[in-house]
Amino acid sequence: MSTYDHYTSPPPEPVWSVPAAGAARFSWEYGNGRDRLLALYQKGKDKQWDGAKRIDWDLEVDPYDPLGTPDEALSLHGTRHWAKMTEKDKGDLRRHYSSWQFSQFLHGEQGAMVCAARIVESVPDLDAKFYSATQTMDEARHAEIYGRFLHEKIGMLYPINDNLQGLLRDTLRDSRWDMPYLGMQVLIEGLALAAFGMIRDTTDKPLPKQILAYVMQDEARHVAFGRMALRDYYRQLTDAELREREEFVIEGCYLMRDRLRGLEVLENFGIPRREAEEYTEQSEFLHLFRKLLFSRIVPCVKDIGLWGERLQRAYVDMGVFELGDSSLDLLMTQDEEVAERLDRERFAAEEAERVAEVEGAIADGAN
Numbered sequence: 022m023s024t025y026d027h028y029t030s031p032p033p034e035p036v037w038s039v040p041a042a043g044a045a046r047f048s049w050e051y052g053n054g055r056d057r058l059l060a061l062y063q064k065g066k067d068k069q070w071d072g073a074k075r076i077d078w079d080l081e082v083d084p085y086d087p088l089g090t091p092d093e094a095l096s097l098h099g100t101r102h103w104a105k106m107t108e109k110d111k112g113d114l115r116r117h118y119s120s121w122q123f124s125q126f127l128h129g130e131q132g133a134m135v136c137a138a139r140i141v142e143s144v145p146d147l148d149a150k151f152y153s154a155t156q157t158m159d160e161a162r163h164a165e166i167y168g169r170f171l172h173e174k175i176g177m178l179y180p181i182n183d184n185l186q187g188l189l190r191d192t193l194r195d196s197r198w199d200m201p202y203l204g205m206q207v208l209i210e211g212l213a214l215a216a217f218g219m220i221r222d223t224t225d226k227p228l229p230k231q232i233l234a235y236v237m238q239d240e241a242r243h244v245a246f247g248r249m250a251l252r253d254y255y256r257q258l259t260d261a262e263l264r265e266r267e268e269f270v271i272e273g274c275y276l277m278r279d280r281l282r283g284l285e286v287l288e289n290f291g292i293p294r295r296e297a298e299e300y301t302e303q304s305e306f307l308h309l310f311r312k313l314l315f316s317r318i319v320p321c322v323k324d325i326g327l328w329g330e331r332l333q334r335a336y337v338d339m340g341v342f343e344l345g346d347s348s349l350d351l352l353m354t355q356d357e358e359v360a361e362r363l364d365r366e367r368f369a370a371e372e373a374e375r376v377a378e379v380e381g382a383i384a385d386g387a388n
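22 is the number of the first residue of the sequence shown in our numbering; add one for each residue after it.
Calculated directly from the structure, the hints in this document are not laboratory data. Treat the hints with care, as some may be off.
What the hints assert, rightly or not - The list that follows gives simulated cross-link-like pairs (lysine-lysine, DSBU-like), each with its CA atoms no further than 30 Å apart:
#  : residue 1 : residue 2
1  : Lys230    : Lys64
2  : Lys312    : Lys66
3  : Lys64     : Lys150
4  : Lys323    : Lys74
5  : Lys150    : Lys226
6  : Lys323    : Lys226
7  : Lys150    : Lys312
8  : Lys111    : Lys230
9  : Lys111    : Lys226
10 : Lys105    : Lys174
11 : Lys323    : Lys64
12 : Lys226    : Lys68
13 : Lys312    : Lys323
14 : Lys64     : Lys74
15 : Lys323    : Lys68
16 : Lys226    : Lys109
17 : Lys226    : Lys174
18 : Lys150    : Lys74
Unchecked claim - Label-pair ranges, simulated between beta-carbon atoms:
#  : residue 1 : residue 2 : range
19 : Gly52     : Gln355    : 47 to 57 Å
20 : Asp385    : Asn289    : 50 to 60 Å
21 : Glu371    : Phe47     : 23 to 33 Å
22 : Gly187    : Asp83     : 29 to 39 Å
23 : Phe310    : Phe47     : 36 to 46 Å
24 : Ala373    : Phe290    : 40 to 50 Å
25 : Ala370    : Ala73     : 37 to 47 Å
26 : Ala370    : Asp83     : 15 to 25 Å
27 : Glu288    : Asp364    : 21 to 31 Å
Glycine residues also receive a C-beta, built at the ideal position from the N, C-alpha and C atoms.
Using the sequences and the accompanying hints, generate a full structural model.
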């Protein structure tokens, strides 16, 4: 069945073409590379996995409550519309919200795949090209997994959000080779990681927890890659060049913050846009959610050397300035440990099942 049969409203065009600018760069130096980046490349090779095998796709998912979302997390909760909704209506609303959220994850992962391929093409250093090639494969796997979850388990997709599409467009149109790093590795990936982590840590549903944990294990390497490459490069830039990139970050962060409202969902339930905007602005849960989503971006931006006065003021305005002191290394380590723990638990359960089967066969034979 075509994806277009699952869209709540079809995208306006089947293929989105973004005019590309900039040069494809070749390096003839094959012998040297930064040790830490080559080590990350080796890790990227070692950690490849198959989404069709590592994830237990036989796990059941209720499409009308895929994530176990509490009522209080829904923007319509407590409004005049909520009082009129039946249990079926509330189930439909949960399905739409989950579809919208995971659809943006899916579109973002395709964007990450394209940006990673763009980095392979444009970055001047061969060690960075090597690592970006492994990331391109990672992002393809993530898009495959989110697409399968939406098609098979929820049965509904939303088109790409305008703000996410705008940030992708700005990232890909820029001719400077570091901009795909900054737009994707720092902003889009950083925000996605925080969103993945919040759902992973709050859902009681095993399949989405598996998907998010394993995807985040990969994404931890991607953010580390962006930090390494940009931190080295930005030390060489002039104040004017740094300010240009800070302006890009400021605009991108406001776009990403505004992206998270899910207005499309409420409009599909007949809520006028202005009223939908009021409900999302009044939602305490959404305020907290939007703030926590910057937990990965702000410390990363500070770490790579973009911390000018105007950027700091923007983060104060967003209420996320204090997140600059968070430990990214600790967060990334925790992301990897969660995936490894899930693997251990799953393998232990499978081993216990095999032992029980053998003991049962022995007992049957003795009888």
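How the hints compare with the structure:
1. Distance check on the hinted pair: Lys230 and Lys64 sit about 23 Å apart at the alpha-carbon level, within 30 Å; holds.
2. At roughly 34 Å between alpha-carbon atoms, Lys312 and Lys66 are farther apart than 30 Å, so this suggested pair is violated.
3. Taking the CA atoms of Lys64 and Lys150, the gap is about 15 Å. The hint holds against a cut of 30 Å.
4. The straight-line distance between the Cα atoms of Lys323 and Lys74 is roughly 38 Å, outside the 30 Å bound, and the hint therefore fails.
5. Between Lys150 and Lys226, the direct Cα distance comes to roughly 37 Å. Violation of the 30 Å bound is thereby established for this hinted pair.
6. At roughly 35 Å between alpha-carbon atoms, Lys323 and Lys226 are farther apart than 30 Å, so this suggested pair is violated.
7. Under the criterion of a C-alpha separation no larger than 30 Å, the hint pairing Lys150 with Lys312 is inconsistent with the structure, at around 34 Å.
8. For the suggested pair Lys111 and Lys230, the alpha carbons sit about 22 Å apart, so the restraint of at most 30 Å is met.
9. A C-alpha spacing of about 18 Å is found between Lys111 and Lys226, which places the hinted pair at or below 30 Å, so the restraint holds.
10. The straight-line distance between the Cα atoms of Lys105 and Lys174 is roughly 28 Å, inside the 30 Å bound, and the hint therefore holds.
11. Pair hint Lys323 plus Lys64 holds up; C-alpha atoms about 25 Å apart against a cutoff of 30 Å.
12. Note on Lys226 and Lys68: the hinted pairing holds, with a Cα-Cα distance of about 25 Å set against a maximum of 30 Å.
13. Distance hint between Lys312 and Lys323 is fulfilled; the C-alpha atoms sit about 17 Å from each other, no more than 30 Å.
14. Using a Cα cut-off of 30 Å, the hinted pair Lys64 and Lys74 holds, with the two alpha carbons roughly 20 Å apart.
15. Between Lys323 and Lys68 the CA atoms are separated by roughly 28 Å; this keeps the pair inside 30 Å, and the hint holds.
16. Between Lys226 and Lys109 the alpha-carbon distance is near 20 Å, which keeps this suggested pair within the 30 Å criterion.
17. Among the hinted pairs, Lys226 with Lys174 is consistent with the structure: their alpha-carbon atoms are about 12 Å apart, no more than 30 Å.
18. With a CA separation close to 28 Å, the supplied pair Lys150 and Lys74 stays within the 30 Å bound.
19. With their beta carbons about 36 Å apart, Gly52 and Gln355 fall outside the hinted range of 47 to 57 Å.
20. The hinted range of 50 to 60 Å is satisfied by Asp385 and Asn289, whose Cβ atoms lie roughly 55 Å apart.
21. Checking the proposed 23 to 33 Å range against Glu371 and Phe47 shows it is violated: the Cβ atoms sit about 47 Å from each other.
22. Take Gly187 and Asp83: their Cβ atoms lie about 34 Å apart, and the range 29 to 39 Å holds.
23. Between Phe310 and Phe47 the beta carbon distance is about 44 Å. The supplied range of 36 to 46 Å therefore holds.
24. Checked against the given bound of 40 to 50 Å, the beta carbons of Ala373 and Phe290, roughly 45 Å apart, stay inside it.
25. Taking the beta carbon of each, Ala370 and Ala73 are about 20 Å apart, not inside 37 to 47 Å as hinted.
26. Range check, Ala370 to Asp83: about 22 Å between beta-carbon atoms, so the 15 to 25 Å window is met.
27. For Glu288 and Asp364, the Cβ-Cβ distance of about 40 Å falls outside the hinted range of 21 to 31 Å, so the restraint is violated.
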